[in-house]
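Here the protein sequences line up with chains A and B, keeping their order.
Each residue of the first sequence is one higher than the last, beginning at 726 in this note's numbering.
Each residue of the second sequence is one higher than the last, beginning at 152 in this note's numbering.
Simulated from the structure, these hints should not be mistaken for laboratory data.
Mixed in with the good hints, there may be bad ones.
What the hints assert, rightly or not - Partial pick of chain B residues on the chain A-facing surface, computed with a CB cut under 7 Å: (1) T172; (2) V247; (3) S255; (4) A306.
As the list claims (entries may be wrong) - If you want the footprint, here are the derived chain A segments under chain B, 3+ residues with CB under 8 Å: (5) 747–757; (6) 785–797.
We put the beta carbon where it would ideally sit given N, CA and C, even for glycine.
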Amino acid sequence: MNGEDRAVEFGPIYLPTLQRIRDLWLDLEPLVDDTAYDDVVAPTELQISFSDGLGDAESARLGIQWSELRMYSFHYVDSDGLNWRFDRHPNTHTPEIHFHPPPDTTTTDANRPVSA
Amino acid sequence: MTETWGDVNEQVKADWKDDTTPFERVCEIVEQTHDGQSAAEIADRALVSEPTARRHCKTLVNTGFAETGQDGQTTLYKRNSDRILMSRIRELREEVTRPELLDSIQEMKAEIRRYEDHYDAVSPEELAQQLDGGETEGWDDLTAWRTTRQNLAVAQAALAYDEVSHQLAV
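The whole structure should be built from the sequences, with the hints applied where relevant.
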């Protein structure tokens with residue numbers, strides 16, 4: 726789990742939506758190298774690998790979680806170490822839908838709302 | 152800034168509506184509906200009228216893609232959970248060997264025992280009652296516990312299914 730600021734229930738991982746997200750990426754994004762669950766039998770997230778990254782990064786990976794309660798987390802990490810997330814989950818300090826910019830992705834401050 | 156992002160959301164909805172038929176949108180929404188929702192709620196998410204949503208939901212129930220529940224007078228629709236389970240069992244039987252499945256089952260059981268010991272709780276439901284708003288690690292563990300409990304049940308079902316098909320093949 727990478728939701729270090731979660732403060733109410735996120736909900737169990739919902740695989741049908743992760744499958745749809747995987748299909749959409751394979752359909753729409755030519756840079757996708759590979760897609761897989763973190764664990765075949767005990768999946769907790771979908772991982773999508775890219776043959777390019779932001780800026781000079783040569784590769785990147787998105788770790789994606791989606792729950793039965795339609796909460797989500799998209800966590801980007803690339804070969805240059807750039808690291809950010811955008812999330813939807815209930816928490817005590819920011820709007821439900823928000824962005825964790827680099828380099829503080831794993832901390833609770835510096836969150837930015839993304840909702841309308 | 153906020154308004155710009157709001158426009159992005161509206162633009163994505165408009166593009167989705169342009170690129171899909173009402174039936175396709177209802178399918179996509181029902182596919183992602185785990186808790187039962189009324190035709191009105193489905194209509195709102197699928198950008199269709201309520202009668203259209205109801206008509207397409209009924210079709211999806213008839214084909215076995217969706218199933219219904221009841222909330223008083225209101226019919227609720229959701230993705231057919233048996234189908235999700237069967238496709239998951241099929242996936243595991245294709246991609247994982249029996250020893251791998253058994254190993255994984257042992258690991259998941261051990262993980263659940265760690266949660267039970269750590270929180271002195273017999274279930275994630277009991278843990279949920281103990282947690283307050285700010286206990287981030289606890290809420291993360293709750294999600295992980297529930298997810299692992301489901302993954303364990305599915306893995307055990309796949310194992311049982313495997314044994315049944317061996318028996319029938321003898």
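Here's how the hints hold up against the structure:
no.: 1; hint: T172; result: 17 Å, violated
no.: 2; hint: V247; result: 6 Å, holds
no.: 3; hint: S255; result: 4 Å, holds
no.: 4; hint: A306; result: 5 Å, holds
no.: 5; hint: 747–757; result: violated (count 0)
no.: 6; hint: 785–797; result: holds (count 4)
Going through the hint list in order, the structure does not satisfy hints 1, 5.
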